[in-house]
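**Student:** Residues per chain, in single letters:
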Amino acid sequence: MNKQDERGKIYYVNLKIPIVFNGHKVIKVVIELDHINYGLNKKTGILNTKKRTNFSNADIEKFIKLLDGEDLVPERFEKTYSVFYSFIKCPVKGKFENKEFVMIFKIKTNKTEEIHTITLFPNW
Amino acid sequence: MKKEIKNSDILDLIKDAQQKAKKRQLTTITDKTQLSTEDKFKISLCKFFVQYLNEHKMKPIDLHKQTGIEQSRISEILHYKISKFTIDKLLGWLNVLSLHSPKIREHLLLLEGMISIPMMPVKETKELVKNIRKISDTATQRMYL
Numbered sequence: 241m242n243k244q245d246e247r248g249k250i251y252y253v254n255l256k257i258p259i260v261f262n263g264h265k266v267i268k269v270v271i272e273l274d275h276i277n278y279g280l281n282k283k284t285g286i287l288n289t290k291k292r293t294n295f296s297n298a299d300i301e302k303f304i305k306l307l308d309g310e311d312l313v314p315e316r317f318e319k320t321y322s323v324f325y326s327f328i329k330c331p332v333k334g335k336f337e338n339k340e341f342v343m344i345f346k347i348k349t350n351k352t353e354e355i356h357t358i359t360l361f362p363n364w
Numbered sequence: 014m015k016k017e018i019k020n021s022d023i024l025d026l027i028k029d030a031q032q033k034a035k036k037r038q039l040t041t042i043t044d045k046t047q048l049s050t051e052d053k054f055k056i057s058l059c060k061f062f063v064q065y066l067n068e069h070k071m072k073p074i075d076l077h078k079q080t081g082i083e084q085s086r087i088s089e090i091l092h093y094k095i096s097k098f099t100i101d102k103l104l105g106w107l108n109v110l111s112l113h114s115p116k117i118r119e120h121l122l123l124l125e126g127m128i129s130i131p132m133m134p135v136k137e138t139k140e141l142v143k144n145i146r147k148i149s150d151t152a153t154q155r156m157y158l
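If you read the sequences in order, they're chains V and Y. Residue 264 in the working numbering sits at position 24 of the first sequence, with consecutive numbering throughout. Residue 152 in the working numbering sits at position 139 of the second sequence, with consecutive numbering throughout.
Where hints are given, some of them may not hold.
Unchecked claim - Cβ pair distances, simulated, as ranges:
hint: 1; chain 1: V; residue 1: TRP364; chain 2: Y; residue 2: HIS120; range: 35 to 41 Å
hint: 2; chain 1: V; residue 1: ASN281; chain 2: Y; residue 2: ASN108; range: 33 to 39 Å
hint: 3; chain 1: Y; residue 1: GLN31; chain 2: V; residue 2: TYR251; range: 23 to 29 Å
Unchecked claim - With a straight-line Cα cutoff of 30 Å, these simulated BS3-like cross-link-like pairs (lysine-lysine) come out:
hint: 4; chain 1: Y; residue 1: LYS139; chain 2: Y; residue 2: LYS53
hint: 5; chain 1: V; residue 1: LYS319; chain 2: Y; residue 2: LYS28
hint: 6; chain 1: V; residue 1: LYS329; chain 2: V; residue 2: LYS348
hint: 7; chain 1: Y; residue 1: LYS72; chain 2: V; residue 2: LYS305
hint: 8; chain 1: Y; residue 1: LYS19; chain 2: V; residue 2: LYS305
hint: 9; chain 1: V; residue 1: LYS319; chain 2: Y; residue 2: LYS33
hint: 10; chain 1: V; residue 1: LYS339; chain 2: Y; residue 2: LYS139
hint: 11; chain 1: V; residue 1: LYS351; chain 2: Y; residue 2: LYS28
Said to hold, decoys possible - Take a look, some chain V residues computed to stay more than 12 Å from chain Y by CB distance:
hint: 12; residue: LEU273
hint: 13; residue: LYS291
hint: 14; residue: ASN297
For the record, the hints were derived by calculation from the structure and aren't laboratory data. Glycine residues also receive a C-beta, built at the ideal position from the N, C-alpha and C atoms.
The whole structure should be built from the sequences, with the hints applied where relevant.
**Tutor:** See the structure below:
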């Protein structure tokens, strides 16, 4: 794989309690954990070497749970998926608690039971 | 593993999201349990617009063309910027939208009906709410099977 397309560890997590997002039951979350914690270098397009956050899969699940009962309009429509952006207040206890992040996630049109978190970055 | 989105695409998405975030043009996801009844009511009314758009796979500009509601207002409604408008304004826009959606029209009639029923004892009201939720859950499950 091209170095510019490496995104580190990706996890597939089954939610213990499903959530409903845009009227669809979501039971699975794809978490690009390294991408979330390191971010991409704007110039080179590769993962940064220094961590900006230190979230775990369980932490990201907490963010996802906040989407329960929400209805959002996609910011972008692609052929096979929709992309959503949102402000999200950090539900994880610690130094980022209640701080505002921007979450980017996508949902495939034929796989609405799965949310793919692309990234989560601080908005300050 | 096959990746549908490349890092360069992601950087584009991040740039786009950052621009919208700068203008505060994104929805804020937060714990809604602390909101006032008025705000919860407004959010529920905004949801009709969002659901309508998603159901018809429309863009906000299409909704503007269809209803004549100002584009900036549509963006505020779709992003739940509820401090920017009052419930009566929202209901007015919803009435305009209902001209294009029998589903919303019927739902508004249901709301009218609910508001005009006489006040009942707490126990009976709770029972009624419970039954409505049950029907609503069943309908949602059926809709998305």
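**Student:** Give a verdict on every hint.
**Tutor:** The hints, checked one at a time:
For TRP364 of chain V and HIS120 of chain Y, the Cβ-Cβ distance of about 39 Å falls inside the hinted range of 35 to 41 Å, so the restraint holds. In this structure, ASN281 of chain V and ASN108 of chain Y break the distance hint of 33 to 39 Å, their C-beta atoms being roughly 50 Å apart. A hinted range of 23 to 29 Å for the beta carbons of GLN31 of chain Y and TYR251 of chain V is consistent with their spacing of about 25 Å. For the hint pairing LYS139 of chain Y with LYS53 of chain Y, the CA-to-CA distance comes to about 18 Å; that is within 30 Å, so the pair holds.
Between the alpha carbons of LYS319 of chain V and LYS28 of chain Y the distance comes to roughly 21 Å, so the proposed pair stays at or under 30 Å and holds. Distance hint between LYS329 of chain V and LYS348 of chain V is fulfilled; the C-alpha atoms sit about 25 Å from each other, no more than 30 Å. For the given pair, LYS72 of chain Y sits about 27 Å from LYS305 of chain V by alpha-carbon distance, which is consistent with the 30 Å threshold. At roughly 27 Å between alpha-carbon atoms, LYS19 of chain Y and LYS305 of chain V fall within 30 Å of each other, so this suggested pair holds.
Taking the CA atoms of LYS319 of chain V and LYS33 of chain Y, the gap is about 22 Å. The hint holds against a cut of 30 Å. As the CA atoms of LYS339 of chain V and LYS139 of chain Y are separated by approximately 36 Å, the hinted pair breaks the 30 Å bound. A hinted pair counts as satisfied when its Cα atoms are at most 30 Å apart, and LYS351 of chain V with LYS28 of chain Y qualifies at roughly 26 Å. For LEU273 of chain V, the requirement that its beta carbon stay farther than 12 Å from each beta carbon of chain Y is met, with the minimum near 15 Å.
Under the 12 Å C-beta cut-off, the non-interface status given to LYS291 of chain V relative to chain Y holds; the minimum distance is some 17 Å. Its beta-carbon lying about 17 Å from the closest one in chain Y, ASN297 of chain V satisfies the requirement of being farther than 12 Å from that chain.
Going through the hint list in order, the structure does not satisfy hints 2 and 10.
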